[in-house]
Structure formats: structure tokens, C-alpha cells
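Number of protein chains: 2
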Amino acid sequence: MAHRQDQQRRASIHDVASRAGVSAATVSKVMAGVATVKPENAQRVLDAIEQLGYRVDPLASDMRRAKRRIIGAIMPEFESEFFGQMVTQLESLAEQRGYTLVAASSRESEARETEILARMHDWRVAGVVLAPVRNEHGPAAAFMKANGMTGVLIDRVLSDDAFDTVSADSAAASAEVARELVGKGHRHILVVGLGEQAATVRARLDGFRTTALRLAPDARIDVVLAESDVEPLRAQLRDYFAKGERPTAVYSLFLKGTLVALSEFRRRGWHCPDNISLVGFDDAEWMQVTWPAIAAVVQPVRQIAGHAMEALFARIEGGEGPPTARLEPCQVLMRESVGSPGNGPHPANQ
Amino acid sequence: MAHRQDQQRRASIHDVASRAGVSAATVSKVMAGVATVKPENAQRVLDAIEQLGYRVDPLASDMRRAKRRIIGAIMPEFESEFFGQMVTQLESLAEQRGYTLVAASSRESEARETEILARMHDWRVAGVVLAPVRNEHGPAAAFMKANGMTGVLIDRVLSDDAFDTVSADSAAASAEVARELVGKGHRHILVVGLGEQAATVRARLDGFRTTALRLAPDARIDVVLAESDVEPLRAQLRDYFAKGERPTAVYSLFLKGTLVALSEFRRRGWHCPDNISLVGFDDAEWMQVTWPAIAAVVQPVRQIAGHAMEALFARIEGGEGPPTARLEPCQVLMRESVGSPGNGPHPANQ
DNA sequence: TTGAAAGCGCTAACAC
DNA sequence: GTGTTAGCGCTTTCAA
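Going down the list, the sequences are from chains A and B.
When we follow my numbering, the leftmost residue of the first sequence carries the number 28, and every step to the right adds one.
When we follow my numbering, the leftmost residue of the second sequence carries the number 28, and every step to the right adds one.
If you are wondering where the hints come from, they were derived from the structure by calculation, not from laboratory data.
Here the structure is a predicted model, which means the values were calculated and not measured.
Since the list can't tell identical chains apart, any single copy or any two copies may satisfy a pair.
Using 25 Å as the maximum straight-line C-alpha spacing, the simulated SDA-like pairs for lysine to any residue come out as follows:
no. : residue 1 : residue 2
1   : Lys172    : Tyr81
2   : Lys283    : Gln112
3   : Lys56     : His148
4   : Lys94     : Arg146
5   : Lys172    : Ala38
6   : Lys270    : Val316
7   : Lys172    : Arg36
8   : Lys283    : Trp318
9   : Lys94     : Asp149
10  : Lys56     : Glu142
11  : Lys56     : Arg146
12  : Lys94     : Val83
13  : Lys283    : Arg362
14  : Lys283    : Arg329
Turn these sequences into a full structure, and let the hints steer you where they fit.
Here's what the structure looks like:
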């Protein structure tokens, strides 16, 4: 803490006005760039602003305005690279338009999600970017609808009848993963995911299964879906392998699943890609430096953030029309964790 | 976007007042929990609030208050687990006290850091938690001082003459890493870091070197410090090894350095711990599932966040006294990436 | 081209 | 106990 510094009130618009010898209204006009101010007066105002170091108080300014220049962002968590990058992008885009981004974490709780939303409604934010915990049918989206809030849904959503949505094209990416794995000769593949994020998980699963079975009708696709938490998934995966199942490849539909799969491989002493291949949805920086590097689906964070903000501001500015549902293409990075089934000792033979 | 929903004005305090047959002031008192309201009237107010779904507008409420109930948080980035967890914690602690946390990323830029701070000053936040890009002597801290802002400095700081500081006890943790490595027999160790974060890096480096040399005066400690960016570090590290240097262990002073070290090991075909041992400052979830698991110093995020907020609110509530400088103890997790020098083929022998 | 006046939604003094 | 009054700092008619 600075000790008793210049704690004197900050200059207000009236201070500027009196110093420039005009009214507060004129100062306001100068700040807004209105042309109908006599150049001479405008200059006096500018000088006064400079001398006093005046800056408008955004809160006071918003009080009088119809829409406040604040965008709310609600993410399921802040701890992952994906959402970290997302918030960074959204913040940057909001700033570019002169808005402040207020980000909050729902910590994977739908109850908290609605609470935060209510608080943002109290703040009378101009719009909200909501990355729902579950999907577009949760209580948060319902709250937004019921209260006539302006918003965009991203990430774990497909499409909605009230809000624009933007998400990664999980189905297409998963189809590509299927092509890669089947192409390498895999015929017994395990898919792991979280059932909670229903629509997204289904898209990823269907996209994968459909393509895999089309290319190799004899292929066997097993699925291990935990309801809502990661620890149960760990247990289910352990059981699956304990039963003696020996797929040659695993496709994890989300980041934590990839970590769980890796840790299960560790426990069993299996290495990628010799004993088993692995591809994960969601990339992370470490995946390219570990040995082996882990193959991953890279989500187009910038595109998602960009189009979400575009859609949001279009609505804020009064844009009409039916809600849009965008799917942004992903990139699939096949790395060393994927090989051909025959290349090493199969776990079944150990 | 919800299409033409109940866009009618939200209930204001006056709506509640007239419905309850009292004045706005009385409603305000009820909301504030002031005891001097006739129970009967209080009930009528409560009923009206309930019926109208009234909630106070935090902005309007703050307008009239001396201190606004907003805490600003400025982090160098949002993409890492460390700062993600930090923001999550800070948000939670601010909420507990009825404050809103507004977080912003300086994106590792001191210029941006000052801009954000100026904007937070415009918002007249009650206090700021600043995790400076460089250290406590940057322009941001100077701005806070000059403008009499209330704040706490965390992470890349040691102590300050104007603000309370809270950070991990890097020196002690580094000393422990030294004990572990020397204890395992390492006598030639490379330390990599980023020079920009001067004080913190010095503390980590000194803590390590002092202890290592005390325990093994014959040990050789090499240092590769990049000025401010990660890519130069990569190049410097490459040069270092290209010169034929063959330390038996590497201690990275920050997370990105650990990634760079791993990727350089990859490039050279070295494995941990057989060819070289590795310990990194900063833990991450993936470090315990890769093979080998990577040894790391775990920073006490919760403690740092907790004490930072404690110190901040103490100052907000008028607490006096000289600034405090807290150091929170870290945990050192020795994992498989660390072994004894003799255990495998030394890279020099390859 | 300008400024007076009204008011955004709320709280805090101070009468009553 | 309660209501009146007076703002917080700004924007926005609207009349001059």
C-alpha cells in the first residue's frame, strides 16, 4: 500500500469543465468526438483534460447508458490451456471494441454457472459468452432466455434455438482420427469420454465410429464413458483393461481423459506406440516435448473466440435473424504416440 | 439471443419501495440488514423484493459508496496451470467477501500491464492483486504508488517498500532441489532460467548454488539464462550442449524452461533419468503421467492467493503499518526424471 | 454551438 | 423508525 499518497479525489468531468470554462455537457461531447463543438473550446477542453489527467469513469458513464460496456465470460475452468487461451482471446477482442471483459469460472458446476449468470445480469452486461459446463440445454441458457439476455454459447454446444453457438467441428476431427487409426491398421479401438457433455461427446463419438466402421466394417470400437467426473473414469478404465481387453489404440475425447489413459498405461507398464497407440482430443504444449509426443486434435481457439465475439456484437448492435450455429475446423496432429498395431509387442502378448 | 423476451426494465429499488408502501431508503436499509426497521415493514419489503425478483444493481450501489466492491487481478498470462489456479482462487476469495474479481492478462508485457492498471484505476477498484511481468520495480508498481492505489504484489517479487508481497519461497525450494541432486551424486548441474524476472530468478539460483556448493564444493554449476524470451533460451541451450557440455542433471527455474529442456533432450535422443536428470520449478498435471514422471517444485497456489487476499483486505479496511513480505513454502516432488549419474549410459559416452 | 436540467439506481445524512 | 434530500460522475435531450 502506498502510504497517504495523493488520495485527493480524481478529477471529474466538472473539474475539467470549470477549468476549460465550459459546461460538463461540452466536455462530454468533446470526449465523444462530437463535431458540433467550436474548435477553440474543444482545444481548451483537451488542454484541461491533459493538465488534470482526466479519464472518464466507466461505471458512471455506463450508468446513464442503455447498454453497459461490459462483456461477461463464463468458462468451466481456468486451469487448462484451452480455456486460458480462450479468455485471453476474448479479453483482447472485447478491449478492441472498447468493452471490458469480466471473466468468471463456473468450476464445472451448473449451479454456480447460474449464480454467476444472475450476477452478470445484475451488472447489466451488454452480452455474455457462455461456455456451459454441460451443454446448451442447461439451466444457465434457460436463465439467459428467461431474462432476455444477449449471449453466445461456445465449446460444449452444437446448436440452440435461442442463441448463436460456436464450437469446434468435433465430428469432422474425430472422423479424421478414425481415418488415421484405421489406415494404420487398428481394428480394435477404445474410445474414452465424459458422458456429461452429451451433445459434444456424441458428435465426437459418432464422427469417429461412423467413419471407422465405414472404412473397416470388421473393426471393434469399445466405449468407456464416465458420467460426470474424472475419477470414476479412471476406475472404469482400470476395470476395462483388467477384464483382459486389449485394444491396439485409444482415442480420448477430452484432455483429462488423455491424462487418465496415460496414467493407466504407466500403471500397466505399456508404452506408446509399441504397446498401444493414443490420440487425444485437445492439444497441450507438453504433448510435443514428451517422449513419445502425444497425437492430438487441436481446437481452433482463435477462430472460436473470434466468431463468438463477432456474433455477440452483431446481436448487441441489434442484429436480428435466427440463431446461427458455427463449427470451426480442427487440426489433427498425428505424433509418435500413434503407430501400427504390429510394430511392437502387443500388450496381449506380455 | 432471446428474441423480444421480457425486455421490460428490471425492477429498481423504487419499484420495490412503492409496492411495499415505504421509501427507497427503507428498502436500502432492509437490504443492508439494518436493525432499525419495523419488522412488519421489513416483511413487506422482503415480500415485494421476492415478488419483483429485485436485486440491487452493484454498479449503482458502488457509485454512491466510497470504495467500489471490485478487486482487480493482473496476471502475466492465463494459459498456465499456475495462473489459472491463481485466478480461480482469487475469484473465490473475492466473492466470499462480496467483491467481484475482474481479471486481466498483461500477456507478459510491462506496457500492457500499466495500461490495464490505469483502466482499473478508472474503475476505482478497491484493490489490486498484481503479478508483475518482471518484478516489483516495474512501471506498474510505480503507477500504483503514484496514484495511491491499494494493492498486493505476488509471485515474481521478493519485497517492496510500498506494497505487501506474497510469493513462493523459491530459495528454500531450490536449496532442497540442490540437496536432492547432490545427494544422488550429481556434481555437474545445469541451471536454466529467464533473466527478466531478476529477483526471483536470483533467489532460485542463489538458493540452489549456495546449498549445492556447500554440500559438494567440487560441484560444477553451469547457468544458462535467456534475457526475456523462451526462443532465445532454446537456442542458448542448444549451443551449450553443442559445445560438448555434459551435465548429469538440469534444474529449470520455470515451467517453459522445463519444456525447452525436454524438447532439447528429445532432439538429442537423451532419456531421463538414464542419460540426464531433470527437475523443474513449477508442477503441472501432465508431469505425473508421462514416462518418466517429471520431478518438480510445487508452488503453494492456495496459500499465496489466500495470504495475498488477506493482506489486501486488511489494507482496504484501513490497516496501517509497514509492508509485509511473505514467503510461502513449496513442496519438492522428486519423481522418476531424477536418478543417479552412474545409473545409465552417460550422454558423454554415447 | 452551448448549457441547464433531468436522471441512471442507489446510499447516506439528517430531519421528522 | 422512516422519509426527504442530496448527491456519486456521467450522458442526453432540449431549449436557448
